[in-house]
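Produce the entire structure from the sequences given, and follow the hints as far as they go.
4 protein chains.
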Amino acid sequence: MSAAPPDPSPRRERLWRIIFLSDTPVGRAFDVVLLWLIGLSVLTIILESVDEIRLPNVRFFNVLEWIFTVLFTVEYLARLWSVRRPLRYALSFFGVVDLISVLPAYLELFIPGTHYLMALRVLRLMRMFRVLKMAEYLGEASILLAALRASRRKITLFLTTVIGIVLVEGTVVYVLEHEANPDFANIPQAIYWAIVTITTVGYGDVAPITVPGKMMASIIMLTGFAIIAVPTGIVTSELGRAMGRPLAHRRRCNECGWEDHDTRALHCQHCGVKLDA
Amino acid sequence: MSAAPPDPSPRRERLWRIIFLSDTPVGRAFDVVLLWLIGLSVLTIILESVDEIRLPNVRFFNVLEWIFTVLFTVEYLARLWSVRRPLRYALSFFGVVDLISVLPAYLELFIPGTHYLMALRVLRLMRMFRVLKMAEYLGEASILLAALRASRRKITLFLTTVIGIVLVEGTVVYVLEHEANPDFANIPQAIYWAIVTITTVGYGDVAPITVPGKMMASIIMLTGFAIIAVPTGIVTSELGRAMGRPLAHRRRCNECGWEDHDTRALHCQHCGVKLDA
Amino acid sequence: MSAAPPDPSPRRERLWRIIFLSDTPVGRAFDVVLLWLIGLSVLTIILESVDEIRLPNVRFFNVLEWIFTVLFTVEYLARLWSVRRPLRYALSFFGVVDLISVLPAYLELFIPGTHYLMALRVLRLMRMFRVLKMAEYLGEASILLAALRASRRKITLFLTTVIGIVLVEGTVVYVLEHEANPDFANIPQAIYWAIVTITTVGYGDVAPITVPGKMMASIIMLTGFAIIAVPTGIVTSELGRAMGRPLAHRRRCNECGWEDHDTRALHCQHCGVKLDA
Amino acid sequence: MSAAPPDPSPRRERLWRIIFLSDTPVGRAFDVVLLWLIGLSVLTIILESVDEIRLPNVRFFNVLEWIFTVLFTVEYLARLWSVRRPLRYALSFFGVVDLISVLPAYLELFIPGTHYLMALRVLRLMRMFRVLKMAEYLGEASILLAALRASRRKITLFLTTVIGIVLVEGTVVYVLEHEANPDFANIPQAIYWAIVTITTVGYGDVAPITVPGKMMASIIMLTGFAIIAVPTGIVTSELGRAMGRPLAHRRRCNECGWEDHDTRALHCQHCGVKLDA
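Protein chains in written order, with our numbering: chain A, -15 to 261; chain B, -15 to 261; chain C, -15 to 261; chain D, -15 to 261.
None of these hints come from the bench; they were simulated from the model.
Stretch by stretch, here's where chain C covers chain D in the computed footprint (C-beta under 8 Å, at least three residues):
no. : segment
1   : 153 to 164
2   : 180 to 191
3   : 199 to 208
Backbone N, C-alpha and C fix where the C-beta goes; we use that ideal spot for every residue, glycine too.
Listed below in structure tokens is the structure:
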């Protein structure tokens, strides 16, 4: 939450406390209602995209959508007004998400079709984690995030490599296929195919038809086999560490310096002296 | 088994012992016969669904099916009658499964087509594990389950995230594709595509055709690469732990009976006395 | 090698030594030539299956195939004759494989098309590992096999569960789809689809078209996500153990009973006394 | 860098320093400009392959391509001239890559279509890692490579096995399908299918249609399930080790300099002296 502590003005403070925190009954109620509204508005947008559902109720959906938009706009302005450093909030992750969740409705007036982007409102549901105070979930999340953050560099490196690989593979298969196979009309298309293949998604909307093309594809798939193992290996190892850490090394014996005690240890595993909690 | 101990009435007690336990020759025979009947009835239903097989033998299959249904109904009633707390059994997992495995046959009389749900009888085969007393298998199972249970929260968290991701991705690709590509006629369809893609199933029944659509899809696939690594990482780590634990439990303190010492412990973690190697 | 030690008769002994062992120059030469013959015969069969290649050279391929068949038949008989316990060899893994690699050629005379099964000759190449004396590879292999053997039960259990799952899922989707979608004409077909889906192969030759069908499919895919993680987790954990074992626990200190020394340790990590090699 | 230290001649030395190292402002500038040129040339080639983009600007692309080709040719010759052992550079990895990145342009004059292979220039971007001095990235890379190198043998072994498996599976399914299904016209095609299946890519361009064929395919997929777990298991375990090692290396013996002690070591594994915590 990048919201700054409230300034003296009592009314703004009260509003801020209600909107940004959920430690008061009212604040909590506000958040719960908000989450429901977000969920409903997302559902509306999804249903609205289905012609069979929208066409019979165009009016209904228009009204509904504008109700949500107005409510969220008011909320957004309220947030801007009540928080002490509006700019800082506006530029914070949630600030941007809150804006994105109302903007498309107005954009729609100029660029039709964009209003579906309002479905990005779903991102606002991330507030849920804070509201529902799912401590343990956050605990788990932190482990997962720790693991992902720790693997960040490795994964960047890995993705860079993969991009290089698909670029080369795509080009080679393009050279082998493009005369016989309209699916490989150009290199970007071939790269798209290489990505679809190496990730083992394999739509089959683009597939090699010549013998050399299929041979190359086979090699790509078999090597991709080893490649797909890498990110898993990375995340698993980091995860193993992230999960291992709290357990190991937590307590250190002042007598003998022995380090590996699990959380419930009372005495040093090695020299037997009492551990200080 | 949520079945309560039998009440004094000897006949019900004997029946209960036969039906619910398999510690007596008769009880064991009962269970084995039951398992075979279940297997056969499931096979019948599967074969019956193949027109080439059913049409020539409609009568035969009808008779067979009703025989199974009657037998299982009798068995169900017998269970209800013999167990001391019928309601508790009826609401237990196996109680519900037992009901489901006969109900569709009767429902069929009102709603055609539903009787295939009787194939859910296969769930009853889970009793097998108890009957065959596959201790070691149960041992393994308990490790797997322990690992899965331990990862429960992480996986919930992960699935929630994935659902959020496919929602956002689906919407974005919908906005990019829906005008050019009838496959992306509406957001639910686009979400279905996103799920098919991120799980690397990739049927190809729905696939992007526009350039921006394919670019977005490529990004989704490459990121999905890292995402698919997470559940594997979770289960593996938990499994590593679950399998590691028995190792840790190996040493037991004769003083205080504390059991969780790693292989290198020299003193009891709890009371500090020297452990005998 | 299930071959028994040779009996006194010198000629049979010499032949046995040549055919079954590769510790003599002749024996080694025999094995190398054999491997090349096997490789070539497999290649021949594969090429022969391509009409463009066979049709112009039917005679050539017929002759070639019979040459290989005769050679391998002679070899098989030689093995039977030279080994002391022919039956034991005939029933051994390699004995069966050797038979299978010649039988189809004769079967062909009665059942056309079966002779392609001669490609199973490729299995004979497994002898390669013995011939090439790839000690280190066998080392690695033993680790892999140890890991797989250790996971055997878990994987059996896992596959049983998966089969149960696809049975249930297939049936449910069949009930949802079979009226609207000819791809789901019967349950076996639906089970085939469920397997294609849960393994993330996703050909797309069978795919749901109704809304409930797609919803169900989405759930199946997302859960399959967690499921596919299990075997990986199993193998990884076991592999980690199999690889860890030689390292850990190998040396034990007789003074203090400390167990975890790596292979090059000269002194006990804990009490510092000299370890006996 | 397989470039040898420069010989006395000052001009060649200066040039060598600029081209091969990036420790001087000029040398660094040279590398950065080079990387940009490579990136642009690759982009050009990719865009050029798109008819909609090329056809209107054939001349433009021709000119651009030749500019890049000339520049890279000059650079290549400069490298050859400035380095002390030209042959050694020419045969080094980067030497070959540098050649490949210009050759196709000239080959094109004789064999149309080949010039797209210039996209292999992307490989030259690997120099980036050296230029950008991404120490930590190289650190990560070294861990990944260490893990992959360590798994090298296991993976070779694994791929050999997989190739054997797809050969057998392909043949079996060919025998079951080839009469009914033109997709399985010959064994190579069937092997291609087996590879597409076992890697879970599953294009669906080739798929079984007969009942026995689908049964066999189902078995292949379910077993492939366990198979796909192996490489992941290998890489993960090796990665776990490779990542673990730095931890183990943490303690160093001041007596004998032995470095590999795990965190719990109290005495040097090598000389037995007490380690200072």
